[in-house]
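Keeping their order, the protein sequence lines are chains R and B. Counted the way our numbering counts, the first sequence spans residues 5 to 792. Counted the way our numbering counts, the second sequence spans residues 5 to 256.
I should point out that these hints are in silico values taken from the structure, not numbers from a laboratory. Errors might be hidden in some of the hints.
[What the hints assert, rightly or not] A partial selection of chain B residues facing chain R, derived with a Cβ cut-off under 10 Å:
| no. | residue |
| --- | --- |
| 1 | G77 |
| 2 | L79 |
| 3 | D80 |
| 4 | E99 |
| 5 | A100 |
| 6 | R106 |
| 7 | R107 |
| 8 | A109 |
| 9 | I120 |
| 10 | P121 |
| 11 | L131 |
| 12 | I132 |
| 13 | I135 |
| 14 | F158 |
Because the structure is a prediction, the values reported are computed rather than measured. From the three backbone atoms N, C-alpha and C, an ideal C-beta is built for every residue, glycine too.
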Amino acid sequence: MSLLDRKLLRDLRALKSQALAVALVMACGLAMMIMTRSLMLSLETTRDAYYEGHRFAEVFARLKRAPDSARTELAAIPGVARVQTGISIQVTLDVPGLREPAVGLINSLPERGEQVLNKLHVRSGRLPAGRTTTGELAAGEAFAEAHGLKPGDTLSAILNGAKVPFRLSGIVLSPEYVFEAPPGAALPDHRTYGVFWMPYRELATAFQLYGAFNHVALTLAPGASERAVIEAVNRVLAPYGGRGAFGRIDHPSHRRVDDEIRVLQGLAVAFPIVFLGVAAFMTNSVMSRQIALQREQIAMLKACGFANRQIGAHYFKFSLAIVAVGVGVGVVGGVVLGHRLVEMYHLFFRFPQLDFVLDVRVLVAATLVSALAAFVGVAGTVRRAVRLSPAEAMRPEAPANYRPSLVERWGVGRWFSTSFRMALRNIQRRPIRSALTCLALALATAILIVPNSFRDGIAHVIDFQWDVVQRQTVTLSLVEPGPARALADFKHMPGVVWAEPFRFVPVELRAGPITRRLALQGLPAQGTLSRVIDATPRQIALPERGIVMSAKLAAVLQLRPGDSVTARVLEGRGREITVPLVGLAEDFAGTAAYMELGALNRLLLEGDRISGAHVVVERGRWHEFLAAVKETPRIAGCIIKDSLREGFRKTTAESIGLLQKIYMLFATIVAFGIIYNSARISLSERGRELATLRVLGFSRGEVGAVLVSELVLLTLAALPLGLALGSVFAKGILSAVNTETVRLPLVLTPANYAFAVLVVAVASALSALFAARKIAEINLASALKALD
Amino acid sequence: MPAAAPPPSADSGRQSGTGAAIYHVRGLARIYGEGTAAVTALAGVDLDLMAGELIVLLGASGSGKSTLLNQLGGLDSPTHGTLLYRGQDLAAADEAELTHFRRDAVGFVFQAYNLIPSLTARENVALITEICRDPMAPEEALALVGLAERMDHFPAQLSGGEQQRVAIARAIAKRPEVLLCDEPTGALDVKTGITVLEAIERLNRELGTLAVIITHNAILADMADRVFTLSDGRIVDTRENSRRGSVRDLAW
Numbered sequence: 005m006s007l008l009d010r011k012l013l014r015d016l017r018a019l020k021s022q023a024l025a026v027a028l029v030m031a032c033g034l035a036m037m038i039m040t041r042s043l044m045l046s047l048e049t050t051r052d053a054y055y056e057g058h059r060f061a062e063v064f065a066r067l068k069r070a071p072d073s074a075r076t077e078l079a080a081i082p083g084v085a086r087v088q089t090g091i092s093i094q095v096t097l098d099v100p101g102l103r104e105p106a107v108g109l110i111n112s113l114p115e116r117g118e119q120v121l122n123k124l125h126v127r128s129g130r131l132p133a134g135r136t137t138t139g140e141l142a143a144g145e146a147f148a149e150a151h152g153l154k155p156g157d158t159l160s161a162i163l164n165g166a167k168v169p170f171r172l173s174g175i176v177l178s179p180e181y182v183f184e185a186p187p188g189a190a191l192p193d194h195r196t197y198g199v200f201w202m203p204y205r206e207l208a209t210a211f212q213l214y215g216a217f218n219h220v221a222l223t224l225a226p227g228a229s230e231r232a233v234i235e236a237v238n239r240v241l242a243p244y245g246g247r248g249a250f251g252r253i254d255h256p257s258h259r260r261v262d263d264e265i266r267v268l269q270g271l272a273v274a275f276p277i278v279f280l281g282v283a284a285f286m287t288n289s290v291m292s293r294q295i296a297l298q299r300e301q302i303a304m305l306k307a308c309g310f311a312n313r314q315i316g317a318h319y320f321k322f323s324l325a326i327v328a329v330g331v332g333v334g335v336v337g338g339v340v341l342g343h344r345l346v347e348m349y350h351l352f353f354r355f356p357q358l359d360f361v362l363d364v365r366v367l368v369a370a371t372l373v374s375a376l377a378a379f380v381g382v383a384g385t386v387r388r389a390v391r392l393s394p395a396e397a398m399r400p401e402a403p404a405n406y407r408p409s410l411v412e413r414w415g416v417g418r419w420f421s422t423s424f425r426m427a428l429r430n431i432q433r434r435p436i437r438s439a440l441t442c443l444a445l446a447l448a449t450a451i452l453i454v455p456n457s458f459r460d461g462i463a464h465v466i467d468f469q470w471d472v473v474q475r476q477t478v479t480l481s482l483v484e485p486g487p488a489r490a491l492a493d494f495k496h497m498p499g500v501v502w503a504e505p506f507r508f509v510p511v512e513l514r515a516g517p518i519t520r521r522l523a524l525q526g527l528p529a530q531g532t533l534s535r536v537i538d539a540t541p542r543q544i545a546l547p548e549r550g551i552v553m554s555a556k557l558a559a560v561l562q563l564r565p566g567d568s569v570t571a572r573v574l575e576g577r578g579r580e581i582t583v584p585l586v587g588l589a590e591d592f593a594g595t596a597a598y599m600e601l602g603a604l605n606r607l608l609l610e611g612d613r614i615s616g617a618h619v620v621v622e623r624g625r626w627h628e629f630l631a632a633v634k635e636t637p638r639i640a641g642c643i644i645k646d647s648l649r650e651g652f653r654k655t656t657a658e659s660i661g662l663l664q665k666i667y668m669l670f671a672t673i674v675a676f677g678i679i680y681n682s683a684r685i686s687l688s689e690r691g692r693e694l695a696t697l698r699v700l701g702f703s704r705g706e707v708g709a710v711l712v713s714e715l716v717l718l719t720l721a722a723l724p725l726g727l728a729l730g731s732v733f734a735k736g737i738l739s740a741v742n743t744e745t746v747r748l749p750l751v752l753t754p755a756n757y758a759f760a761v762l763v764v765a766v767a768s769a770l771s772a773l774f775a776a777r778k779i780a781e782i783n784l785a786s787a788l789k790a791l792d
Numbered sequence: 005m006p007a008a009a010p011p012p013s014a015d016s017g018r019q020s021g022t023g024a025a026i027y028h029v030r031g032l033a034r035i036y037g038e039g040t041a042a043v044t045a046l047a048g049v050d051l052d053l054m055a056g057e058l059i060v061l062l063g064a065s066g067s068g069k070s071t072l073l074n075q076l077g078g079l080d081s082p083t084h085g086t087l088l089y090r091g092q093d094l095a096a097a098d099e100a101e102l103t104h105f106r107r108d109a110v111g112f113v114f115q116a117y118n119l120i121p122s123l124t125a126r127e128n129v130a131l132i133t134e135i136c137r138d139p140m141a142p143e144e145a146l147a148l149v150g151l152a153e154r155m156d157h158f159p160a161q162l163s164g165g166e167q168q169r170v171a172i173a174r175a176i177a178k179r180p181e182v183l184l185c186d187e188p189t190g191a192l193d194v195k196t197g198i199t200v201l202e203a204i205e206r207l208n209r210e211l212g213t214l215a216v217i218i219t220h221n222a223i224l225a226d227m228a229d230r231v232f233t234l235s236d237g238r239i240v241d242t243r244e245n246s247r248r249g250s251v252r253d254l255a256w
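Chain B with its partners taken away, still in its complex shape (with noise of 0.2 Å):
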């Protein structure tokens, strides 16, 4: 699928052309705790993200963006505010609902992979098509990554950067709508940071997989269709890439 160049518009939540719209974003605010210890990580936030779209979230620490994430991931529910998901309130949705929302529709990549030490690269991924509908054989997942040949490695003999693209196969391998990658690269040198979201950019391309990658590092923004800058838990800047540059030819 070809990355499409979506018509600028001021609105942080506008129609893209990419595709239809899968999330649907309105006055989102998360605030934790109560009275006078109450902490505001979102303070309403309007977004409308599309299939196929490669987003990053840029901003400091405690901007909001993780919190962010973690309310498109179904791993928190937002304190008020509209939270649609293909039409379905993820606001609203219960303990169980959120599991399958999960199981089905999202692909996590962590910052420390978060794989599981006593499986295989295969076995990690396999772990996760065991339990949804409709996946690709783990064998194939990690061939799209350019791990075929470690398969049955477990996750100690594998360095860092390949330990991160079995966690992208182990993510896409459900053929996820949706891949969430927070810091995806924060813990590697740029060399296998590159190999990385090489990775995540092909499956997006491929696959025509939403991806939203939060990163502290700008850089990282020449490769997306849309980036939004967070701070203090709004969306302060938004800037879209007429075209998306190559990882490779990212300004290193």
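Chain R with its partners taken away, still in its complex shape (with noise of 0.2 Å):
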């Protein structure tokens, strides 16, 4: 080792703790960055890998009913490389332990050969024996472990009326489960909806259905185009009651994960960016106060024939040790955090296996990037220190000029103390730097408040879409739509003490070329439970004529109020209709799109009908009306709202509330490190002049208040600076997350406002404390001797 790589290590050693700072505000950075975009790398290699080992189909298509013979059809459409067709039918479930129905989407297992699209991976038990009646079911894997259900265990289904048992004989995912929810909800509810699969033979059978389908799966030959195959199954389909075919874009688990990967992309550039910046303004700063202490080592070297090459390299190596720290322990953090991400990922995307993996690319770019920032920061400072001449490097440095400053000269500096005086002076003979303290105290401010906006936006769902929105007990759904009295029905189930109807529609939405698959809902007018409320937010009351929907979705959709905006009915005759859109609704838990009940009904011109009803129950009577409820045949599904709330707490929230606290880990430390970091510099700057003034009689504390009260103006000034700034991060940030199935409201409380102080509050508190005990060790007679 040579000797400059000694001093190098002893200098380190002896700035320790700032260096540590620095690394750790970079480490926060890269591992912020590395963990988002390995996440991002795991789940789409994870979702590719498992697509393509399962043959994930494509296109996809739903129909009343066709012969098997239109199969054939389908399969010569030109493009289409493989087709699958099944039956796929929703029934009631009696699940033992479980008080209300639940609902189970039942697919059908080809009666010959093996699936050949779509395929299962068997987690445990296996698939069902034989082709004819055997009596067993596979269950997805979410629904299985939210009840505990094990190969072996038995359940009911009311099939076509009758309760059928059967017998689970595997437990399995499916790529076109990756995200269980039920059709139409943007969240999922494993207690009360579950995917199953039993043979052909025995489900077709059950529902007169044997010799035909009702769904249809298919891959496309490379090349093809998909637009144009959908177009011709949906022609192929037209007479068999086709609810249109849609691609992978519109298949709702899919675009579940397609969105995760974008909350995620959101989340990986701009904010690890904001660390990083902050931590090159740190090596910047800790550099160019260390080359100014070394001044004349410098100044030596050179005499002593070193070339301002060699010069140069020394301090590089010196803040390149600190990158490597911060690279180091950025990457631990970063693989041990992503790992915990993936563990938590795994729980609500089903993989057959969720690996993580770590995305190199970034890695490497994420080390150059922190490389890059420690060389620009450095790289002035050195140029400075190399071109003094040695003589003129050995010289200490000329006073510093300083003048009164603005403020002062506007009269009022009479009024200041004399080390107010000394901080404002201070501050204005470096303006550049100042500004650029500030700035970091602003950021670090700012990074505070973007966390905590995340924490309140989910808050504010839960209570807005759950207590706001949905003021109902339970959904309950028929399994037809029927005529409207059957609202009186609902009506007099024991425990019910109110009832409005709802009816649902599923269309497919079209504004130019834009198309969106959805349940379209028919609602009373000024309904009190399952409520249509604007961004005021109040109260939308439907009119006569117009559809009202998700503001997100006309943003989707490039809508506007006044626009006009097509629905095309996936059932029964398919009519087309063309509404005006007439107002946005609030609400977070997907997209959704509304019509007064009875204007809906009269343009489907199918009478007064209606698919379920919003209840209110008695607390008091909710074991007997969950009775009562599953011994009705026709209710085919009830939807528990504290189950969707819990549903949305489980996944959403507690991704998002993960990822907000290792933010907030991360913020904090970041604040820390600037103000430690800012106090640190100014006491070496300052020490000469901070023990001159001890020797003169003045006490530790009144140092401590010149040496803080610079300190503390810039954070005051910073404050906010930060506040606004971490709003327009937090408006930025959501703005990036914000997608079609995952999105959250910007909601900045003041207690947000006043963490977010407070943290900094702190850290200037503790690293005053800290610098109060430096000025103790501060020797006292070194301020007498002549400048060293």
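Hints in hand, dock the two standalone chains.
What follows is the structure, given as structure tokens:
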């Protein structure tokens, strides 16, 4: 090891706490970048491999009923590679231990051969044996886990009015249900909704569908146009009650995984860049201070014949050592936290295996970015230092030039204390550095705002979506839309104190080239249970004419109130209706579109029909109510609002909540790092001045006040800027993670601001305390010595 | 106050006729480090310093004169020995007591001036007058050192001699009983040095402040009432001037 390197090590040791502060801030940025980017990569590679290995289809279609012969027509469509037809039917389940009825979507397994598309992955047990009646079902993992079901356990399903007992043959996963949510719902409810598979013949026979299918999946030949194939499929299926084919982009499970990746994308770039920027600034300030302190050493080295290049390299090594520690800690932190996040994602994305995949490209890029930031941070200072002639550098630096500060020149100076004036003049003497310190402090404040805005956004959604928008206890749906008088039956169920009807019509909304498939909801104009709320937030009275939709949906369809939108009904006669958009609703659980119930029924030309009712149930008669629901065969589904809320808490809230905690930890480290570093540099720059004051009879506290007043002034200036910046960051990041299935409102609470201010204040106080301790260590006699 | 001519004495710590003893020092020792690494900076110093005296401490580098000055100024505590300031035991004083002692009783002048660069001359003085009891006005202190015209200049706008005179004004503005000067002219040319020493002498005379000056420069000995020469942490020579020479008349 060269002597210069030995000097480097000793200098580093002397500067360890500052070097560590810089390295930690850098590590936070890197960890965050590596964590989120690797998580994205993990999800993408896992998803792609799963889709590939299990032949996830590319185009999907549902229909009323088509004979098996139609399959040949589908296979003959140009551009179609493989076709798989089958039956997919929603049934009511009776699960042991579950008081309310659950809904099961039962899919058929092919009668002959293996599945060609959407192949199942058997997690445990096996697929139902045999081709005929076996009394066996394979259950999706999410539902099985929610009920603790294992192969061999039993449950009953109501098949076409008859209660049939089944035994679970195995627990399976399907690429079609990576995210298992009931149709039309953005949120999972694994307690009351599950996916199952059973042999075709058994299912088809029960529903008199033998020799027919109601579900199609197909893949495209290389180079085929999805659009063209979808149109051709629609033409083939039209006579059979086709409900419109759609591509992966409209596939609910695929869409949800995609949106999650998009959310991570939003988080993976902007935030870490702020961290790395702050780290670069800190490296710069530490290094320029270090070089200023070593001015004479540099002169001596030059005088002894060291080349500028060697001296420059020495200081670059210094900052690279800091970068190395930062990268080391950042990579380890990113990998550890990334693993933790992957485990959590496994809870709501059902992949055969979700492994953490380290994004090496990002790792390399982030390391290069950090090294470059450090390089840029140090380059100017090193250049200035090596440019000095040795003779000049050996002389102590001339006393700094000061002027009365701007505010003093306004004539208010006489009200300031001396230490306050010193602080003001110090700030003004080095305006750029003061501005950068102020900016760094503002960034530290700002990044504290963002994570808590996530938390507050989630809390808002939980309250708003399920207390303000949805006020029912339960949503009951009928097996088939029925006459409006069914509402009276709901009202007479035990425990029901109020019921309001709704109509759900699967539609494809079209505005220009953009389409979206969802359930159009018909609701009473001024409902009191499931309400349509605008951004104010006031209830929107659904008008006689026109459609109201989620603001997000309108944005996706590029519609503004007053524009027209076409809705193609995906059931019955497949009518197409064109209605004006009359209002925008504020909602956070997926997207929705609403019409007044009567108006919707008139457009459908089907008379007064309802799909079910939202009901309020008396708490005391809850069990009685559930028992009655279970005994009513006409009721297909029973969605308990609190379960949905719980589903949200367990998925979106939990994933964002974990990110929030990690970010909060990082932001706090950065806030402390910046403030501590500023105090340290200030202490080192002004050590002599402070020692003089001590000799002159200032107490430690008084000297401490001189030291921290500059930091306090900068912090006070930084706080409002930081709060404003933080609000902008929060807005930017939330709009980046604003997808159709996952989005959060921008909620900025006084508590959030107060917390950020508190963290900065505590960090300042601790740094001041630390500085005060250092002041006690100042060697007073050193002040008497000539400048060293 | 006239410079008195004290009766000669062989004892370095004799009673002076200039006034009551301000410092009473016996067997003062300061040892840095421990065991084999121990360095003895002061090895038993005895002296008494009287109000109104002008004292010069001579000695080579490492002779212990700065250590002695640090002890007198309450910047450091002795390892053993007696150090009384007006009966107050500085050897046993704690941190806060020493701070108060420095604040109220001692004025320091440093070789490197040690002005606060961000404060003007007037503010550098006011900095001290704000924290002590019964100070003189900063303007008055600056007038005493002949800087009435340059009070609103920052240190960077003043010459070395001017900066040192600001430092002296800062030291005396609190009306200290003791003025401790560590090589006050060390960084100055002769002509400027003279103006600075004149300022110190004048204050010693007019305000009756006990002044202790450390210097390498033996010529300064003539301006003192008494001169102590230190070597290896001990006082090896004590000289009394029956008559103090004026600064201008010293053999520059």
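Hint check results:
A cut of 10 Å between beta carbons decides the hint on G77/B: the least distance to chain R is about 7 Å, and the hint holds. About 4 Å separates the beta-carbon of L79/B from the nearest beta-carbon of chain R, less than 10 Å, and the hint is met. Given the 10 Å rule on beta carbons, the hint for D80/B holds: about 6 Å separates it from the nearest Cβ of chain R. Given hint, E99/B at the interface with chain R, holds; its Cβ is 8 Å from that chain's nearest Cβ, closer than 10 Å.
Annotation: interface hint on A100/B holds; nearest CB of chain R at approximately 7 Å, less than 10 Å. Hint status for R106/B: holds, given a least beta-carbon distance of 4 Å to chain R, under 10 Å. Proximity of R107/B to chain R holds as hinted, the smallest CB-CB distance being about 3 Å (cut-off 10 Å). Because the smallest distance between the Cβ of A109/B and any Cβ of chain R comes to about 9 Å, under 10 Å, the interface hint for this residue holds.
A least Cβ separation of about 6 Å between I120/B and chain R falls short of the 10 Å threshold, and the interface hint therefore holds. Among the interface hints, the one on P121/B holds; its C-beta lies about 5 Å from the nearest C-beta in chain R, closer than the 10 Å criterion. The closest approach between the C-beta of L131/B and any C-beta of chain R is roughly 5 Å, which is under the 10 Å cut-off, so the hint is satisfied. For I132/B, the shortest C-beta to C-beta distance to chain R is roughly 6 Å, which falls under 10 Å, so the interface hint holds.
Evaluation of the I135/B hint against chain R yields a held restraint, the C-beta minimum of about 7 Å falling below 10 Å. A cut of 10 Å between beta carbons decides the hint on F158/B: the least distance to chain R is about 5 Å, and the hint holds.
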